[in-house]
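Listed in order, the protein sequences are those of chains A and B.
Position 54 of the first sequence, counting from 1, maps to 54 under the UniProt record's numbering, and the rest follow consecutively.
Position 4 of the second sequence, counting from 1, maps to 4 under the UniProt record's numbering, and the rest follow consecutively.
Any given hint could be a false lead.
Stated by the list, open to error - Over the 10 Å line for every Cβ pair with chain B, so calculated as not near, a few chain A residues: (1) Pro-7; (2) Arg-8; (3) Pro-9; (4) Val-10; (5) Pro-11; (6) Leu-13; (7) Asp-15; (8) Ile-26; (9) Phe-28; (10) Arg-37; (11) Trp-45; (12) Leu-61; (13) Met-90; (14) Ala-107; (15) Gln-138.
To be verified - Simulated restraints on C-beta separations: (16) Gly-164(B) to Met-103(A): 20 to 30 Å; (17) Leu-6(A) to Leu-109(B): 18 to 28 Å; (18) Ala-143(B) to Arg-184(A): 43 to 53 Å; (19) Pro-173(A) to Gly-95(B): 20 to 30 Å; (20) Leu-171(B) to Gly-79(A): 23 to 33 Å; (21) Gly-138(B) to Asp-106(A): 28 to 38 Å; (22) Asn-183(A) to Gly-138(B): 44 to 54 Å; (23) Gly-40(B) to Asn-183(A): 48 to 58 Å; (24) Phe-160(A) to Leu-171(B): 16 to 26 Å; (25) Pro-7(A) to Gly-74(B): 46 to 56 Å.
As the list claims (entries may be wrong) - Listed next, the in silico EDC-like pairs over lysine to aspartate or glutamate satisfying Cα-Cα at most 16 Å (straight line): (26) Lys-139(A) to Glu-50(A); (27) Lys-139(A) to Asp-156(B); (28) Lys-139(A) to Asp-106(A); (29) Lys-141(A) to Asp-15(A); (30) Lys-43(A) to Asp-156(B); (31) Lys-22(A) to Glu-50(A).
Just so you know, the hints here were simulated from the structure itself, not pulled from any lab data.
Here a beta-carbon is modelled for each residue, glycine too, at the ideal position from N, C-alpha and C.
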Amino acid sequence: MTETDLPRPVPTLLDLFLTYGKIGLIGFGGINAWARRVLVEEKRWLTDQEYAETLGLGQVLPGPNALNAAIMVGDRFHGTAGAIAAPGAMFGGPLVLLAGLAMLYDAYGELPTMRAVLAGVGAAAAGMVLGTAAKMTQKLKPPPMLLAVGLTALVAAGVFRVPLPYTVLGLAPFGIWAAWWANRTP
Amino acid sequence: MTPAIFWQLVLGFGAISLVSVGGGIAVLPEMHRLVVEVHGWMDSADFARRFALAQAAPGPNVLVVGLFGWHVGGILGMLTAVLAMTLPTSFMAFGFSRLRARLAGRMWLRIVERGLVPIAVGLIAASGIILAQGTGTGWLPLAVTAASTVFVWRTDYSPLWVLGAGAIVGLAFL
């Protein structure tokens, strides 16, 4: 774990704003995989463990989890101003883009070319998201019981389509119990 | 946008946001009920098309509510729907963030945080599977997804390369 020993850069408020703006605009297939890529790998503001913990808390709280995580990351580095700048940038860019798309959609409906490009991008984005989950698992090296909780979440939500509130709230006690168990036998 | 629609957006999406544990998309069935069944703003097919449009665009998935708002109230409807869906829970998340900072270092909080990590990662993987199922049938999208998974997992190059490659493959073959 040499990478956790290096000093971690602390972003300025402007860094935070610009970086979350970028995460929003490149966030194909959802924000979370991209936020991890940029915050952990590119900027090194957070470790994999810190990012995953923040996202995990964002998931048990009500509201969009990427938004909850952005508020917590913003608050961590720059208090109230950070908690406004990070999610504001993350939503602002894509919102402008979406308004443009909505206008095009109203005017032209769906263009076949656009549809083909988006299908290809969608397939690649799906792989990007799966690859991120694999990479996180590899780096976090979870003990067997925590791994089992993660795989259960994957199968419940991804294969059986159990509604997310049930998946999250149903598995949380088991995850916490597994973390407690792993902690008492180091 | 009429005042009636403004309040329907504020109250409808505001209420939905408060039960959206696990993410904005968790409550898609509730949104369908509000937009299609309760208010009749659009039919099911139109609802699905707008959802697909929002999914294909970059940014937080929850922005799909902006397209529903756009449909009934233009740009103001879009902003109203997005703010109704995000503001109430944002205050809760901010309050929680402050509480977390105050409790930092407590062993029980550390254990709770660690226990939630596998759920966060498992749900990222699940959203990948769901996205892959939504990209169409046949071996080609599957091959693009598989290649992209390996590329992102095993290398540190930017994933934008595979998205670009995906766009070219889509344009040429899909």
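(message) To test your reading of the hints: which numbers does this structure violate?
(response) Of the numbered hints, 8, 9, 10, 12, 13, 15, 20, 24, 28, 29 and 31 do not hold.
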